[in-house]
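In order, the protein sequence lines correspond to chains A and B. Residue numbering for the first sequence follows this note's numbering, beginning at 109 and increasing consecutively. Residue numbering for the second sequence follows this note's numbering, beginning at 109 and increasing consecutively.
Bear in mind the hints are in silico, worked out from the structure with no lab data behind them. Incorrect hints may have been included.
You can't tell identical chains apart in this list, so a pair holds if it fits in one copy or across any two.
Claimed, not checked - DSS-like cross-link-like pairs, simulated, lysine-lysine; straight-line CA separation at most 27 Å: (1) Lys169 to Lys401; (2) Lys248 to Lys189; (3) Lys389 to Lys169; (4) Lys169 to Lys406; (5) Lys169 to Lys154; (6) Lys162 to Lys389; (7) Lys406 to Lys189; (8) Lys389 to Lys154; (9) Lys162 to Lys417.
Number of protein chains: 2
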Amino acid sequence: MNNNIFADRINDVPRSFIREILKVAIDHSVISFAGGLPNRELFPEKELRQATEKVFDTYGKDIFQYANSEGFYGLREYISKRYHEKKNLDIPVDNILITNGSQQGLDLIGKILVNERDDIIIEEPGYLGAIQALSIFKPKFNTIPLHDYGLDIAGLRTVMSAKQPKIMYCVPNFQNPSGISYSEDNRSEIAEILKNTGTIIIEDDPYGELRYSGISKTSFKTLLPENTVLLGSFSKIVVPGFRLGWIAAPAHIMDKLIVAKQAADLHTTHFTQYIVYQYLKDNDIDAHIAKIKDVYGKQLQAMLNSMEKEFPDGVTHTSPEGGMFVWARLPEHTSSRKLLELSMQDKVIFVPGDPFYVNRQETNTMRLNFSCMNEDTIRSGISRLGKSINKLLRPLT
Amino acid sequence: MNNNIFADRINDVPRSFIREILKVAIDHSVISFAGGLPNRELFPEKELRQATEKVFDTYGKDIFQYANSEGFYGLREYISKRYHEKKNLDIPVDNILITNGSQQGLDLIGKILVNERDDIIIEEPGYLGAIQALSIFKPKFNTIPLHDYGLDIAGLRTVMSAKQPKIMYCVPNFQNPSGISYSEDNRSEIAEILKNTGTIIIEDDPYGELRYSGISKTSFKTLLPENTVLLGSFSKIVVPGFRLGWIAAPAHIMDKLIVAKQAADLHTTHFTQYIVYQYLKDNDIDAHIAKIKDVYGKQLQAMLNSMEKEFPDGVTHTSPEGGMFVWARLPEHTSSRKLLELSMQDKVIFVPGDPFYVNRQETNTMRLNFSCMNEDTIRSGISRLGKSINKLLRPLT
Numbered sequence: 109m110n111n112n113i114f115a116d117r118i119n120d121v122p123r124s125f126i127r128e129i130l131k132v133a134i135d136h137s138v139i140s141f142a143g144g145l146p147n148r149e150l151f152p153e154k155e156l157r158q159a160t161e162k163v164f165d166t167y168g169k170d171i172f173q174y175a176n177s178e179g180f181y182g183l184r185e186y187i188s189k190r191y192h193e194k195k196n197l198d199i200p201v202d203n204i205l206i207t208n209g210s211q212q213g214l215d216l217i218g219k220i221l222v223n224e225r226d227d228i229i230i231e232e233p234g235y236l237g238a239i240q241a242l243s244i245f246k247p248k249f250n251t252i253p254l255h256d257y258g259l260d261i262a263g264l265r266t267v268m269s270a271k272q273p274k275i276m277y278c279v280p281n282f283q284n285p286s287g288i289s290y291s292e293d294n295r296s297e298i299a300e301i302l303k304n305t306g307t308i309i310i311e312d313d314p315y316g317e318l319r320y321s322g323i324s325k326t327s328f329k330t331l332l333p334e335n336t337v338l339l340g341s342f343s344k345i346v347v348p349g350f351r352l353g354w355i356a357a358p359a360h361i362m363d364k365l366i367v368a369k370q371a372a373d374l375h376t377t378h379f380t381q382y383i384v385y386q387y388l389k390d391n392d393i394d395a396h397i398a399k400i401k402d403v404y405g406k407q408l409q410a411m412l413n414s415m416e417k418e419f420p421d422g423v424t425h426t427s428p429e430g431g432m433f434v435w436a437r438l439p440e441h442t443s444s445r446k447l448l449e450l451s452m453q454d455k456v457i458f459v460p461g462d463p464f465y466v467n468r469q470e471t472n473t474m475r476l477n478f479s480c481m482n483e484d485t486i487r488s489g490i491s492r493l494g495k496s497i498n499k500l501l502r503p504l505t
Numbered sequence: 109m110n111n112n113i114f115a116d117r118i119n120d121v122p123r124s125f126i127r128e129i130l131k132v133a134i135d136h137s138v139i140s141f142a143g144g145l146p147n148r149e150l151f152p153e154k155e156l157r158q159a160t161e162k163v164f165d166t167y168g169k170d171i172f173q174y175a176n177s178e179g180f181y182g183l184r185e186y187i188s189k190r191y192h193e194k195k196n197l198d199i200p201v202d203n204i205l206i207t208n209g210s211q212q213g214l215d216l217i218g219k220i221l222v223n224e225r226d227d228i229i230i231e232e233p234g235y236l237g238a239i240q241a242l243s244i245f246k247p248k249f250n251t252i253p254l255h256d257y258g259l260d261i262a263g264l265r266t267v268m269s270a271k272q273p274k275i276m277y278c279v280p281n282f283q284n285p286s287g288i289s290y291s292e293d294n295r296s297e298i299a300e301i302l303k304n305t306g307t308i309i310i311e312d313d314p315y316g317e318l319r320y321s322g323i324s325k326t327s328f329k330t331l332l333p334e335n336t337v338l339l340g341s342f343s344k345i346v347v348p349g350f351r352l353g354w355i356a357a358p359a360h361i362m363d364k365l366i367v368a369k370q371a372a373d374l375h376t377t378h379f380t381q382y383i384v385y386q387y388l389k390d391n392d393i394d395a396h397i398a399k400i401k402d403v404y405g406k407q408l409q410a411m412l413n414s415m416e417k418e419f420p421d422g423v424t425h426t427s428p429e430g431g432m433f434v435w436a437r438l439p440e441h442t443s444s445r446k447l448l449e450l451s452m453q454d455k456v457i458f459v460p461g462d463p464f465y466v467n468r469q470e471t472n473t474m475r476l477n478f479s480c481m482n483e484d485t486i487r488s489g490i491s492r493l494g495k496s497i498n499k500l501l502r503p504l505t
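Let the hints inform the model, and build the full structure from the sequences given.
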């Protein structure tokens, strides 16, 4: 058997380098900043179990039957109401589709919108899951650099004047991998540039509720309602393992998404949808989110403080106001892959920047996750990582 | 907003005509042969609830975290062992991937194997879900007629001599929509024709365990192991609502499937996988399947007996040995859509053959489901349908 039996599209999908690195993390003495996992200690186990029992009591066999592709109405209504209460966004229940995490949202959006060789815009560095999902549809990626305040406006203008991108994929709040959030000004400028262009903004917002400082920013859905598709997820505020997310899209796009969802897997299991709905009904989710924010916020602070103390001059990093990641930059022409080789000897791992770029092999950047370990572990890991950086930068001393 | 924002691929996907018909079934006085639902009375509710409680007791928070893309090892091992015990097939655990029902299996297979304009083979009539899932990848469908004994061999030879089809999709046991099973001779002939051609057989077998008469037939996985990908599902033997199925594929294909699965939704929720695994471990699934077979077998017999009695001469039908569907054929040039219009007035619905053909609008065939209603209801529905057929064929009497 040779390799040419495969479709071209699958050969363009980058393998998850992160998966490979994470294999090292099985050794429990390794401090891993490489993952992107929520902290399991914060999973509402007891409450989800109670919700599950109530679902069995209330719905009986109905939860086991085939169900509609759009998802459980109660859960979609809850999402619609929460958008109204929290963001002043009016999104009809019919414009919400439940997906297997927001990762599936990306697959469905690629399927219905992206023809081969269509131009699309993505942040640099960009979310690896989006690069993987969208690569399947063989678009031309146009990367726009990220700054501390958001997307590079000149770069966006250049792309928009030369091309007609089908979509712009972005994570405006606490981006993965950088932790960067777009400023209000940056959002307005982007909206102004994209207005009347036909380019659809895919606003992926898995971390939006996890803000530890600063104030909430305006969604593109408010600025350009007809041109924006929102992706949301219960992974970071309830549990990731249920694989429950959603797409909020204008009606004409939703029509096609439902056709694609049906072809993809008929529907997401309603069983977990009923459980999460029951959990949300019976518990104070805002209090739960406050607890997560308190824990992650302190962990972030511990990481930033340690970096200031332990990393040598010339190493910079972002200062996220939320989310799960900090992005650090070594001096120019320094390889973060080489750093990983060194730090692994000292049992610290992270993700070098490479997989977050569409077209680069060797970078001086790295992603550090702070959500799934305590402050002491973070301090100890950053201290060891600082020593490895010093070793890399001054190999002879 | 106009329509040209969409990818070409999504415009080729047939909408589910069945969904539209099923809306009529909300009226409880309607007898619906249109669905494809397992009988909810047979769902092992109590046992699944016990299994769920045990999963909470045993695994705690681990079931809520992100997990591997391949699926829960225990469940994959169970599937591997069952293939060995029931079919004498040796399929390593690593060659099994858990999917969101076998529908997702079709999506992943299309993604990794089918380039635009690739030739593929599909049965006529064919499974609507496969037509929908594969249409996304814009293949050229080559349809091969089904006979009572299986696939048309002359038709297969013609296609294979003129083209190099990437895949042949088939449901050799109790096909949906026809109920037809391939005979042993038919399977051998097909395997002989496809041997050394590079065409991959996608053997979809959701109903294989639901045999009510006759003897089990040889899988293409036995006849052409390296060229066959098997799709399986818990939907018909446990419950459909969990959306759990699997793909069993040779290692070189599995590699790519895992990349595609990861890009599609990271992984299927392990929560329901643990529950089904626990259920299978603690209960006698063969006894449960025997119960389903007893019920469905009697319902099938009631339907066939009623058809013999109530349908006029000139109407033929298949005599399935298992599964969930019977396929009936009106006299040539008679429209089953027109029959549906008549029978709906008498509160009986079914699916006219049209959506099961890739390229036909007007057919004299129809699919009748017998799994989700009792024998009396079946008799009464077939009697009313017989009257509608008589009205259609002899409108003036």
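Here's how the hints hold up against the structure:
Taking the shortest alpha-carbon separations for Lys169 and Lys401, only the inter-copy value of 19 Å comes in at or below 27 Å, while the best intra-copy value is 37 Å. In this assembly of identical chains, Lys248 and Lys189 lie within 27 Å of each other by CA distance neither inside one copy nor across copies; the values are 37 Å within and 45 Å between. Within a single copy, Lys389 and Lys169 get their C-alpha atoms as close as 21 Å, and across copies as close as 21 Å, so both meet the 27 Å cut-off. When the C-alpha separation of Lys169 and Lys406 is checked against a cutoff of 27 Å, the pair qualifies only between copies, where the shortest distance is 22 Å, while the shortest distance within a copy is 44 Å.
Taking the shortest alpha-carbon separations for Lys169 and Lys154, both the intra-copy value of 23 Å and the inter-copy value of 9 Å come in at or below 27 Å. Taking the closest pair of Cα atoms, Lys162 and Lys389 come within 27 Å of each other both inside a single copy (11 Å) and across two copies (25 Å). Taking the shortest alpha-carbon separations for Lys406 and Lys189, neither the intra-copy value of 30 Å nor the inter-copy value of 48 Å comes in at or below 27 Å. Taking CA atoms no more than 27 Å apart as the test, Lys389 paired with Lys154 passes in both settings, with 15 Å inside one copy and 25 Å between copies.
Proximity of Lys162 and Lys417 under a CA criterion of 27 Å is satisfied in neither setting, with 50 Å inside one chain copy and 48 Å between copies.
Checked against the numbered hints above, the structure violates hints 2, 7, 9; every other hint is satisfied.
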